[in-house]
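Asks: The chain contents come next:
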Amino acid sequence: MRRTRQLLCILLAGVVLAGCGLGGGGDESAQRVTIYTGRTQNLIEPILERFAKETGIDVDVRYGQSSDLALLIDEEGGRTPADVFLSQTPSAVGYLDHKGRLGRLPDDVLSLVPPTARADDGSWVGFSGRKRVLVYNPAKVPAATLPRSVLDMTGPQWKGRVGIAPPNASFQDFVSAMRVKLGDDATSRWLKGMADNDAFTFANNTAIVAAVGRGEIDVGLVNHYYVLQAKAENPSFSALNHDFPSDDLGNLLIVTAASIVKGSKHTEEATALVRYLLQEDAQRYFSDQTYEYPLAAGVAPSSALPPMSFDQVEGVDFDRLGGDLESTRALIRAAGLEG
Amino acid sequence: MAIAELATATPVIPALPKGPAAPRPPLFLRVTALATALLFAAPVGYVLWRALGLGADVGQLVDEIGPPLWRTVQLAVLTSTTTALLGTGLAWLLVRTDLPGRSVLRGLAPLPLVFPSFVGAAAFIAGLAPGGALRGALELVGVDAPARFRGLGPSWLVLTLFTYPYVYLPVAARLRALPPSWEESARLLGDTPRRLFGRVILPHLRRAILGGGLLVFLYSLSEFGAVQLLGFDTLTRVIYATRLVDRAQSFGAASVLLVLAVVVVLAERRMAGASLAVGRSADRQNRPVALGRWRWPALAGVVAVLFVGLVVPLLSLGQWALRGLTAGNGPGANLADELGSLRLPAFATAQLGLGAGVLTVVAVFPSAYLCARYRSRLAGIVSAAVLGGFAMPGLVIALSLVFWSLNVPGFDRFYQSVPLLLAAYVVHFGSQAMRATELAVAAVPDRLRESARLLGASPMRRATSLEAPLMRPGLLAAVGLVLLATVKELPATLLLAPTRVDTLSTRLWKSFEEGFLAEAGLASLALVAVSGLLTWLLVLRRAHHLA
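For the protein sequence lines, the chains are B and D, in the order given. Taken in order, the first sequence gives residues 450 to 788; the numbers are from our numbering. Taken in order, the second sequence gives residues 151 to 697; the numbers are from our numbering.
Hints were generated in silico from the structure; no laboratory data involved. Careful, some of the hints might be misleading.
Stated by the list, open to error - Short derived list, chain B residues pointing at chain D, Cβ under 7 Å: (1) Gln490; (2) Val510; (3) Arg511; (4) Tyr512; (5) Gly513; (6) Leu521; (7) Glu524; (8) Tyr544; (9) Thr655; (10) Arg663; (11) Gln678; (12) Leu774; (13) Arg778; (14) Glu787.
In this text, a Cβ means the ideal position worked out from N, Cα and C, and glycines have one as well.
Bound-form chain D, shown alone:
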């Protein structure tokens, strides 16, 4: 207990919720934040408008969506819980302990995020098939692979493996930012590492864990491709299966998903509380916790996670590609041709990803600023509007943008152009940038801003020489997260990209859809390579700015 008090008393990190920096946000900020929130709420408006206009039959809706809704909630709760545990555990092992090889593993740990989930699921299924890497590995340790890989368990496992980086990244960053003085004090006072973790470190990770868990939760709600392949019937299946034959039903189900998302976003905001305190102590390295006899078991655990989440999918994809190159005579048989044809899509993918990343951060900035610096009812509304979009299937977002751009006067000339496609990405993925941007804003301590003001620096000067440099790393990390989501995006890209613009994900889908696995494998590997490179540039190198 003494240590916890000591910790909260350290001046480096103001740990407890502080009062608002100003009683009421300035009018300009309120108006801008509200305007961007409206942009983010556009799909919501469309879904409700259609659901009401088409007259969704509530009785039939309840009858049809009850069981799938329950399954969706189960999957989302289970996945966000396990990602919270796995992401936090990995982060602690890789950042705060003397685990062998931790610096290499740190670079690898976030990479499962780059797999589009349907590719991940398909690769996983293939890995468990006779001759697959995962089956082979299981046989080595004397376990028979299951004959079938479908239902809740497998969906839970696959989603956990491909989304835990949403928790891992912010938690690892937060851990890195905690001052070493605490641990030294704890040791001096004779506290065990376990007590230290539970009483001192964990409370400071709460917000990072909750924020990451929220993204995983929303992601699980909107997920379609992977759970469909894994034979798990969720609410998104209702949305897709009824999209032609019973549109009222389809939009009714989408409305239910939206309500669920808003409730969860608001609940998380309440649970997370006001504290956005960020402290940095970059000057001194923490002394790693000695794992002792747990060193090797811990290493084995980390390697096992990375093997299953990273190596297994890569092996399956490589196997598909290789099979096409060696045995095949179909498309995908000529490596040089295939790689050549992926060059343009790879460029388009990188460009769209970067464009969407930058624009999204610009768009959420006013909302994030408001949420980070002020406690107001408006902040809650804005936050729900921005985050809610992540729970909608991409198809719904795309159709809503079609609707708005064709029905708002003057916007129809942007129809199926790059600006509209970028707008779809911004609306869909604002949630991913929101938290990181809030943290970037909070990285400028009130004390410093106050001092600058008292010293007579003009607002412009304060913005360029104080705020911008301190925020920049965090903002770039936010760009990186959006970029990663964008390069995998499929439905909006298919419907809204200009014709003749191909991305790696559309290429991948076109091959995968009709079972051209060799081509799909190559396109996936290219996608993983491009997004891995961009992630490393933007996110990994500055991961410590995410907390």
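Okay, chain B solo, but in the shape it has when bound:
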């Protein structure tokens, strides 16, 4: 009993110390930038650390889901500590832009990327790209039978075999792109076709890739780099990427976006960071380390990826979709696919 009491005293002392230790604030006068990022730590931290080291600017990072962080910035309003918001998807920056929470990036930063990879009003700029692919289990699907177009996935040969992730932002961006390219009616028909074809719905890309690897479903519509990641950890993982032809909608490139939060007190540092992400070094990092498609500085994609330059991709101007995610979601729901 006495020993327990001692132990508890030590633990409680630890708590008090925690209160002091964890609460340690920084030096306000120093050069610093606070980043809210929907890109997860593994994907972005190394490059942020490199930026801090090279520029001497202190970097404070808050990680979370892009949507949650967008809600947080909106709720914080004028008092947000965030200077920079890095989003996994154009929709979360689109939401904040719509709410008037984003500042404007300088033209010389915006012009580093092709026009389709940035907001027309200059509120955000894309800094890397993920490609949509069809992940398949080679044990269940012979390569010769793989579809030519994502629009073929509603055919009877795919009944009950396809996984999709309607709640996932990338899937919603893909549907938005389809609306731009083919119109709402054709998009509705495709979504209904998927629902009638007993497509399996999953929470996100990782869940689909895992299910394909297990053989639970045969194919799934996801972003390209999850399979590469799964195979790096587990070489016997039974899944491969199938790329749709470059002119197909299924081959869409979805950008990750950087933006400066309106009212930031560290605009200079924030701009320096966004510019840094678009320099050759950083672009090469995204290409080689996270297997993403570089968008700037003439950097070529990693040799592990099917070659593709941004100009080749069917460019979809995500900017036009920013405020209209609600209609996209309504279409998905109306088709009977919950999202």
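Position chain D relative to chain B; hints supplied.
Replies: For chain D alone, kept in the frame of chain B given last:
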């Protein structure tokens, strides 16, 4: 019947609801309890304010949430029912029978509670995949594992396995506290163990079962991560899916969840009745019920539950970690580096958990005191305010705290600091501490307090030398329960922790989110180890104080 009467007549446990100790709670207590209830109701205020302010479209709301709401209710009812059965059954087998190996099993039985539910679900799915532990075990007994593991059934199973300790812990404690004289009398009067259980023991477990079942019910309402992975579409999915594109809808759905939670809390309070009678008879051990030929089948059942709830997830997590270490070249390939990088998060996790545990018990104490010692309308309101918070998804709690701390003058300097994060934990998990704290308060018998008063002990002396020592074990158990919930918490931690403060659960999420399973496996194992150790220190060793 004779035995039941005999039992209720024993002086050790006043079994029937007693009248109030005082007709009306003192003003000071009423004011403090009401003030803390207000703190707990802060998220409720925020949700209603937003839902009304954004003008949720009731027609659209009804149209969209009908089916998910029905699924949520199904899941919550099924899960709380099965956890009540499973938790009670396990508790009886492990506490009151001669089951072989019961002392070891007693220590293991509450541990499934330490898994964050999304990790549990993912580990379970992996366990059923080809090469997974669960599939292998099923094949051994000649059963083919299902090709898919999703929908109501699997969600029900997974939630049951990871939440039954909410029932098991209080029921086991209550069983341990029941006096052995009853069983002896029953035996002398020739009653069978089954009759004894149904007529004498069960009525005394009612409150513990209901209280635990209520926590499971509320937990199922707020659950998102696991059901999402298991492809079961509930009301929390509506809250999450609409959070950006249709905020009115999102807050409307959250309001519905809240109303449901309050109704259930009040219903449980009514069903549980007034009896909070607690008796202890620590001096004498009960003679265990002989299971006879049921010994081995019963043991097999208990082991099967623990295998599925504890061993299967651990094996899956271990497999992920091992795969990263042996085959991989990605993150998670270097064990020493990985473990080193988990050291600081592990400390932060333990510290935040203990801090939240202590603060939560302090915060609910006035409310618990009021609810345990007085029957008043106020007690019902306070109880609903404290317990309702458990039904809200963590994201909603976090956003409400953002709102309040930035909009109440003077509080903005605590924004994204440790105190605010702790406040979020207190509000979210007050429910877990509430029942255990009520029971701690009730552990001081009225007779003793009365005697002390008559003997002329000053209020201060009564508090330090009578009340505090008797309450302490129960209060520590309450700290432990909150701690367990805190170390797994994710959304509030991500949004409200100071930057650069990493916990094991945030580390786990960051790896899991992008499919870095090796790292996620290691972080999960660390989380299980830390919370297992702390649980053992705080809860298990004093589990008998929970009833």
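Asks: Now look at each hint and say whether the structure bears it out.
Replies: Status of each hint after checking the structure:
1. Gln490: holds, 4 Å
2. Val510: At 6 Å from the nearest chain D Cβ, B/Val510 passes the 7 Å test, so the hint holds.
3. Arg511: holds, 5 Å
4. Tyr512: holds, 6 Å
5. Gly513: holds, 4 Å
6. Leu521: Holds: closest Cβ of chain D sits about 5 Å from B/Leu521, inside 7 Å.
7. Glu524: holds, 5 Å
8. Tyr544: holds, 5 Å
9. Thr655: holds, 4 Å
10. Arg663: Given a least distance of 4 Å, the restraint on B/Arg663 holds.
11. Gln678: holds, 5 Å
12. Leu774: holds, 5 Å
13. Arg778: Constraint on B/Arg778 satisfied, holds at 5 Å.
14. Glu787: Status holds, d = 5 Å.
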